[in-house]
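Protein chains in written order, with my numbering: chain A, 1 to 332; chain B, 1001 to 1332.
Please keep in mind that the hints were generated in silico from the structure rather than gathered at the bench.
Hints are not guaranteed to be accurate.
Cβ pair distances, simulated, as ranges [as the list claims (entries may be wrong)]:
(1) A:G305 - B:P1157: 29 to 39 Å
(2) B:Q1302 - A:T68: 53 to 63 Å
(3) A:T68 - B:I1321: 33 to 43 Å
(4) A:V14 - B:I1321: 29 to 39 Å
(5) B:A1229 - A:Q125: 28 to 38 Å
(6) B:K1156 - A:L84: 36 to 46 Å
(7) A:G174 - B:Q1302: 47 to 57 Å
Stretches of chain A that chain B covers, calculated by requiring three or more beta carbons in the stretch to come under 8 Å of a beta carbon on chain B [to be verified]:
(8) 12-20
(9) 181-188
(10) 316-325
Which residues of chain A face chain B? A few of them, derived with a C-beta cut under 10 Å, are [said to hold, decoys possible]:
(11) M1
(12) N113
(13) A116
(14) N131
(15) C133
(16) A258
(17) K276
(18) G280
We treat Cβ as the ideally placed atom computed from N, Cα and C, and that holds for glycine.
Number of protein chains: 2
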Amino acid sequence: MNPVLVEVTRGDRVESRHTGAAIAVDADGGVIFSAGDVDAAVYPRSAVKALLALPLVESGAADRLGLTEAEITLACSSHSGELLHVAAAASMLAKAGRDASCLECGAHWPTHNVSARTLSASGRQPTALHNNCSGKHAGFICLACDRGIDPAGYVKPDHPTMREVTAALADVTGAVLDESNRAVDGCSIPTYAIPLRALAHGFARFGTGHGLPPARAAAAKRILAAVAAHPHMVAGTGRFDTRLMTALGDRVFSKTGAEGVFCVSLPREGIGIAVKICDGATRASEVATAALVERFLPDAPQAPGFAALAQPILRNWAGVIVGEIRSTVVAS
Amino acid sequence: MNPVLVEVTRGDRVESRHTGAAIAVDADGGVIFSAGDVDAAVYPRSAVKALLALPLVESGAADRLGLTEAEITLACSSHSGELLHVAAAASMLAKAGRDASCLECGAHWPTHNVSARTLSASGRQPTALHNNCSGKHAGFICLACDRGIDPAGYVKPDHPTMREVTAALADVTGAVLDESNRAVDGCSIPTYAIPLRALAHGFARFGTGHGLPPARAAAAKRILAAVAAHPHMVAGTGRFDTRLMTALGDRVFSKTGAEGVFCVSLPREGIGIAVKICDGATRASEVATAALVERFLPDAPQAPGFAALAQPILRNWAGVIVGEIRSTVVAS
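Isolated chain A (complex conformation):
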C-alpha cells in the first residue's frame, strides 16, 4: 500500500487522505526522491502530451505550417475550452488545410464554467474544438498533413502518425509500449501504462535534452520555451499548470493527467518528477506536485501565487475557512 501523500483537513481533523507514489530523478535516472511503489505502471494520460508533441516540432512540420508558439503550446495542453483555446485549435487545423470535422476526440462542454455558460447563452453547442484535447489532436493532424498522410483514423494505434508519436514517447521514457499495456484514453487515442520511474526519467530527459538526439533535444527546448511563454494556453483560467508556470516561468514545466497523474521537468536542476495519486484525485496530485517542486526549488514560495497551490485553503460557500489541503510525506 502506498503512503499518504496528501491530507484534507476540516476543523482540527483530517477529513480525507490521499495515498500515492512519487519519484524525482536526475537526468541520468538517479533517484533523488521516492515514495511508494514507483515501479508500478500507471497510465500517464494527458501528462505526456508534451512528449507526444515532440515529432510535430522535431520534424519541422510546425515551422512549415507556420504554427505559433502559442499553438505549439496548445498541442501540449489540456485546455479549458476558453475562446482563445478554441480559436488556436481552429487556426492550427486551418494551417493544415483542415477543419474541426477532422477531429476524432469527441465534443464536450468547456470545463471553464464561464465559457460553458457563455457558449450556452449564445444558443450553440460545444464542438470537438472545445474538447480539452483538441490542441493535441490538431497537432497530430498537422503532423499527418505535413507528411502527406491522410489524418483519418489518426487516433488508432496503427495509424502512421500515432505510431510516430508513440515511438517518441517510448524513446524518451525508455518504456516498451505495445498492446499489452495499452488502453483507450478519454479522447480516444491510446494510453500506455508506464512505470512512474520511467515517466520521471523521460521528463528529466525532456527538460535537459540529456540522452536525446540533437533534433529532439532542440524540439524539447523549443516546446519548454513556448509553454513557459504561454502558460495560459496549456490549461486555462485558475488551473494549476497555468498558475504554477505563471508563478515560476521557465524554471518549471508541469503537466496534469487524468486520474491523479503529474509529470514535471525542472530544466535548470536537471530533474524529472512523476506523481500518481492512487485514487485519481487531481486536488491531491496538484498539492503533492507543488510540494515536490518546492523541495527542489526552495525559493518557490516567494513567487506570487505559489503558496496557494502548495497548501490551498478551503472555504465554504459563505467564504468561511473550513480546512486546507496539505502535503504530508513529500514536504517533510
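Based on the hints, put chain B in the right spot on chain A.
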C-alpha cells in the same frame, strides 16, 4: 490502513483504487457487515440531513405550516438546483413568512449543468436558493419560525434551532456532539465527527423506529415515505440517490454526504449502513453503497436502473467504453 473497496479500471488494468470503511448493523446495533476501521469518527456532512429534519416533522411545525411531502423531502436533500428544487425552497420560506434573504448557506451555481446554463442564459446569477442545501436551511427556518424563534444566526451551534436539530442527531446516533468534534460544513452549519458504527446504528433506528420515542419514530416513518415518493427532490436529474430510490422505491433510503460518505436505511430489513471512502471520492462511495444495498437486497439488480449504479461503465467523449467502476471487498 483501510481496505480497497472500489476499483476503477481502464483497459485490462486497475487505474485507480479507493480505500474505505463500511459497516452495516441491525436495529439493535449488531454488526452484520464490517470493513475497515468503523470506529473512526468521520464528518457525515450532508448524509445526516434526514436526521436533522426530524424535529421539523416531529414538532408538528411541518404540518402547521402546511409543508408538502415534496417540501419535507427537500429539507433532507442535497439538490441540484433545478427549477423544481429552487421553487420548493422558496415555497417553504414563504410558508414560514420569510424569503431567501434569511438563508445563511451562501450561493452557488446549480450543480445540474443544464440548469446552470439556463440560469446564465437568462442573465441572472445564482442565489442561496440554488445552494444544494437550501431545502435543509429552509427547514431550519420553518422550525424556528413555527416556534416563534428569530431564525437569524440559525447556522451557529448555539442558536436554539441548531441546538434542537443537533440534539436529534445526537439522540438517534447515540454520539456525543460537542465542540471537541465540531467543524464547519460547506453550508456553514456545524458538522460533527461521528464513528461510522454510530451512523449506521442511527440509520437502522431511523428506518425502523426501533429505540426511538413514538413521535420521533412516526416522524422518521413519514420522512421515509416522503422521500420514497419524491426521489427527485432529494438530489436531482441523474444523481445517485434519486436513481437508487427511483429503482427501489421505499425499500431503501440513501443519502450522500460530501467527501465520500453515505448513510443508508433498509427499513424492511431493519438495517442501517454507513460508508466513508478515505479519499472523499463520491464515485467510489456510490459504488460501495450500491454493492452493500445489493448484498442485503439480492434482487436489487432486477430493478431497472440499478445495475448502472452498482457497476458503472466508463465511456470516453466519443462514447467508447474505456473501463468500469467496481466494488471489490463489499460485493464479494
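Cross-check of the supplied hints:
| no. | hint | in the structure |
| --- | --- | --- |
| 1 | A:G305 - B:P1157: 29 to 39 Å | 35 Å, holds |
| 2 | B:Q1302 - A:T68: 53 to 63 Å | 58 Å, holds |
| 3 | A:T68 - B:I1321: 33 to 43 Å | 37 Å, holds |
| 4 | A:V14 - B:I1321: 29 to 39 Å | 36 Å, holds |
| 5 | B:A1229 - A:Q125: 28 to 38 Å | 35 Å, holds |
| 6 | B:K1156 - A:L84: 36 to 46 Å | 45 Å, holds |
| 7 | A:G174 - B:Q1302: 47 to 57 Å | 51 Å, holds |
| 8 | 12-20 | holds (count 7) |
| 9 | 181-188 | holds (count 8) |
| 10 | 316-325 | holds (count 7) |
| 11 | M1 | 5 Å, holds |
| 12 | N113 | 7 Å, holds |
| 13 | A116 | 7 Å, holds |
| 14 | N131 | 6 Å, holds |
| 15 | C133 | 8 Å, holds |
| 16 | A258 | 9 Å, holds |
| 17 | K276 | 9 Å, holds |
| 18 | G280 | 4 Å, holds |
Consistency note: the structure conflicts with none of the earlier hints.
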